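Since chain A is already given, all that's left is putting chain B on it; use the hints.
Residues per chain, in single letters:
Protein chains: 2
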Amino acid sequence: MSLPKGNAVVAQSGGPTVVINASLAGVVEAIQQSGLADSIFGARHAVRGMLEGDFTDLTSLDGAALDLIAQTPGASLGSSRDKPDEEYCKKIFEQLSARDIRYFFYIGGNDSADTCRIVSEVAQQAGYELRAFHVPKTIDNDLVLNDHTPGFGSAARFVACALLGDSLDNRALPGIKIDVIMGRHAGFLTAASALARTEHGTGPHLIYLPESTFEIDRFIADVDRVYSKEGRCMIAVSEGIHDAEGTSITQMLAEQLSGSVERDAHGNVQLSGSGALGDYLARLIRERLGEKLRVRADTFGYLQRSFADCVSESDRREARESGRAAVQAALDGHEGASLTLRRTSDDPYTIEYVPVPLQEVARKTKVMPASWIQDGCDVTDEFLSYVAPLVGELPRIGSV
Amino acid sequence: MSLPKGNAVVAQSGGPTVVINASLAGVVEAIQQSGLADSIFGARHAVRGMLEGDFTDLTSLDGAALDLIAQTPGASLGSSRDKPDEEYCKKIFEQLSARDIRYFFYIGGNDSADTCRIVSEVAQQAGYELRAFHVPKTIDNDLVLNDHTPGFGSAARFVACALLGDSLDNRALPGIKIDVIMGRHAGFLTAASALARTEHGTGPHLIYLPESTFEIDRFIADVDRVYSKEGRCMIAVSEGIHDAEGTSITQMLAEQLSGSVERDAHGNVQLSGSGALGDYLARLIRERLGEKLRVRADTFGYLQRSFADCVSESDRREARESGRAAVQAALDGHEGASLTLRRTSDDPYTIEYVPVPLQEVARKTKVMPASWIQDGCDVTDEFLSYVAPLVGELPRIGSV
Chain A
1 MSLPKGNAVV
11 AQSGGPTVVI
21 NASLAGVVEA
31 IQQSGLADSI
41 FGARHAVRGM
51 LEGDFTDLTS
61 LDGAALDLIA
71 QTPGASLGSS
81 RDKPDEEYCK
91 KIFEQLSARD
101 IRYFFYIGGN
111 DSADTCRIVS
121 EVAQQAGYEL
131 RAFHVPKTID
141 NDLVLNDHTP
151 GFGSAARFVA
161 CALLGDSLDN
171 RALPGIKIDV
181 IMGRHAGFLT
191 AASALARTEH
201 GTGPHLIYLP
211 ESTFEIDRFI
221 ADVDRVYSKE
231 GRCMIAVSEG
241 IHDAEGTSIT
251 QMLAEQLSGS
261 VERDAHGNVQ
271 LSGSGALGDY
281 LARLIRERLG
291 EKLRVRADTF
301 GYLQRSFADC
311 VSESDRREAR
321 ESGRAAVQAA
331 LDGHEGASLT
341 LRRTSDDPYT
351 IEYVPVPLQE
361 VARKTKVMPA
371 SWIQDGCDVT
381 DEFLSYVAPL
391 VGELPRIGSV
Chain B
1 MSLPKGNAVV
11 AQSGGPTVVI
21 NASLAGVVEA
31 IQQSGLADSI
41 FGARHAVRGM
51 LEGDFTDLTS
61 LDGAALDLIA
71 QTPGASLGSS
81 RDKPDEEYCK
91 KIFEQLSARD
101 IRYFFYIGGN
111 DSADTCRIVS
121 EVAQQAGYEL
131 RAFHVPKTID
141 NDLVLNDHTP
151 GFGSAARFVA
161 CALLGDSLDN
171 RALPGIKIDV
181 IMGRHAGFLT
191 AASALARTEH
201 GTGPHLIYLP
211 ESTFEIDRFI
221 ADVDRVYSKE
231 GRCMIAVSEG
241 IHDAEGTSIT
251 QMLAEQLSGS
261 VERDAHGNVQ
271 LSGSGALGDY
281 LARLIRERLG
291 EKLRVRADTF
301 GYLQRSFADC
311 VSESDRREAR
321 ESGRAAVQAA
331 LDGHEGASLT
341 LRRTSDDPYT
351 IEYVPVPLQE
361 VARKTKVMPA
371 SWIQDGCDVT
381 DEFLSYVAPL
391 VGELPRIGSV
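If you read the protein sequences in the order shown, they are chains A and B.
Residue numbers for the first sequence, in our numbering: 1 to 400.
Residue numbers for the second sequence, in our numbering: 1 to 400.
Derived by calculation from the structure, the hints in this document are not laboratory data.
Since we're looking at a predicted model, the values are computed, not measured.
Check before you lean on any hint, since a few could be wrong.
What the hints assert, rightly or not - Every beta carbon over 10 Å from chain B, so not counted as near; a handful from chain A, in silico: (1) GLU87; (2) ALA98; (3) GLN328; (4) PRO355.
Unchecked claim - Straight-line C-alpha distance at most 30 Å; calculated DSBU-like pairs for lysine-lysine: (5) A:LYS83 / B:LYS229; (6) B:LYS229 / A:LYS229; (7) A:LYS83 / B:LYS292; (8) B:LYS91 / B:LYS364; (9) A:LYS91 / B:LYS292.
Cβ atoms here follow ideal geometry from the backbone N, Cα and C, with glycine treated the same way.
The following block holds chain A by itself, in its conformation from the complex:
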């Protein structure tokens, strides 16, 4: 078995995370150490840089520089929301082949796996040997065949730490508090808010995920029940909650407000970067349960995927190992693969990295299993056991 000789390119796509640069460092150092490729190019702004020939040379980055990049939030190479079609991918192929690039490492979500797949096919049709590897990344944790994805653990840690502190704030100054958390279709991140519960009675009382239909009457009844009993109510809500027809509440609000909605290149309605959903739910509660109630809403927004001082150590380690494992898959002779994370043991928690064909991950979405959701407004202990090792130890708290 002989490996093609030539150069490599690495790129980062979609929403950045606090550990996506750890994957970048993992890819680069593993190529350097193995000699898989001669030169290592970084494409600026993902497919956009590959389309326009905007590359930077990463071949000689030293260990200290890589360690620093590995702990830097955001996508250091730049990212893109472009959704390349076959025509776009043909132009990418021209840029890659012109640079004798034989290995393509793409760090991103299921769309990135699909881009790997299409570029591979274009190369194959041209009789050019190009091996494409997808390194998983998404705070949404929605890639199939993966126990979880790099980026999720740190975002989940942010959400858990935020709810832990915010619940204590709410206990000190009681009222109804809504926290809106990222997640279009998958509720894993919102569900992780349940980790904030401690023996001191903190944490969210109610959790609403996009896997369940959001019914306003049911929501108001839930809030009323908790508030009547506890004198306060902490609520974690996914930004992706939707009505019975599947229309997101955010889309409904945007259409009411302006008659139009902002969509990305993938056709998705823009959910983040606005406080509209939280403010709407707060207004709804006041209208239905009393104008005098102290109701507040916070939307965690981009902080949950970028906050510089709250990282899950296992997440950071796995992100780097995922990058290295993708290079190992190339060294092992795979002609292309998506790296997947599999849990091999719960106690002690251990992970292995398994390459699978790109099409098995591309364009597919995983959501919370129904068995992890309880009564439409909570999660089960089984979910908590699953998510705890991904987040790491939370700060310990006391009570008087």
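Same frame as chain A, but now just chain B:
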């Protein structure tokens, strides 16, 4: 000089912080160690608990429990937004004297110093010896005679870490990003966002504080200038920004929306707990500079005063020392005082705790000196030198 013999009460008021419980631990342990008082009562929900006789006994809390409380966000005793008048304070005095309480330690902002003052006066009129001590606390950093206040450093650290990560996110996926930060009259916390700037060109490009009049045309021109040059624009805005008449933009929006605004017991318009200001500014930018622009707004909300995993170590230490210093002031024979933090040296950074008469701090507000504000949309290096030691080392970042 003989000290009155009897019991002590401690309470926490206003918005909680991540270190207000460290001050609580400091007060309790210093009383335990010195024998200043026989029993130590904690009042639940501040003046409300003192009014209603809702006390908990803290006399026998051990060191391990105090250490745990000291690292717990939120006000463990509960807080209150009540603004006690003289009648209210007379009832408090009845509860305190009935328990033979001779020492009153109140952790809070300038309103708390004023409550200490009024309760002291009521006791004095009744010929009852009661010594009241104010321990400073506020993320707004707006107490006079203080170099800074416990709670500010950790909140400033949160803001700096948030802007650091969010700016890197914005560089990866360019656009215009607005981050709304707490602060009604004082812009210190919003100004601390400037710490996020690194040699890699991150951090906010524009900073708007409540100390300056917010002019919409000027704001739009600033954003246009930065975006045209950089292809992106990071903006830090205080929730307290206001027009030339002093009307906050948030109040203007609330009046436009519903014809009424929510006010607290102090007559202040409710600013936090809503994304309305950020969403308004984002809409304004789109209307004036182009509907197709990628404009996002996040409002940091209650996270900046409660986040469990982002604490300034010097802030935590000083919060605890402030509590201890208040007890020391009592032991030194002061009949009442507000503890103030004075910087004795910049290099190395050192602080001392100086008791001053309550009325010198009560009801007064400090804002950013004009000399620390630059061009109405930035802060000076002098401010950065001032704030850096309060926040501690930020995560180091790399770049490719």
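For each hint, the structure was consulted:
1. GLU87: holds, 23 Å
2. ALA98: ALA98 (chain A) is indeed farther than 10 Å from all Cβ atoms of chain B, at 22 Å.
3. GLN328: Non-interface label stands for GLN328 (chain A): nearest chain B Cβ at 22 Å, farther than 10 Å.
4. PRO355: holds, 26 Å
5. A:LYS83 / B:LYS229: holds, 27 Å
6. B:LYS229 / A:LYS229: violated, 55 Å
7. A:LYS83 / B:LYS292: holds, 18 Å
8. B:LYS91 / B:LYS364: holds, 25 Å
9. A:LYS91 / B:LYS292: holds, 26 Å
Checked against the numbered hints given earlier, this structure breaks only hint 6.
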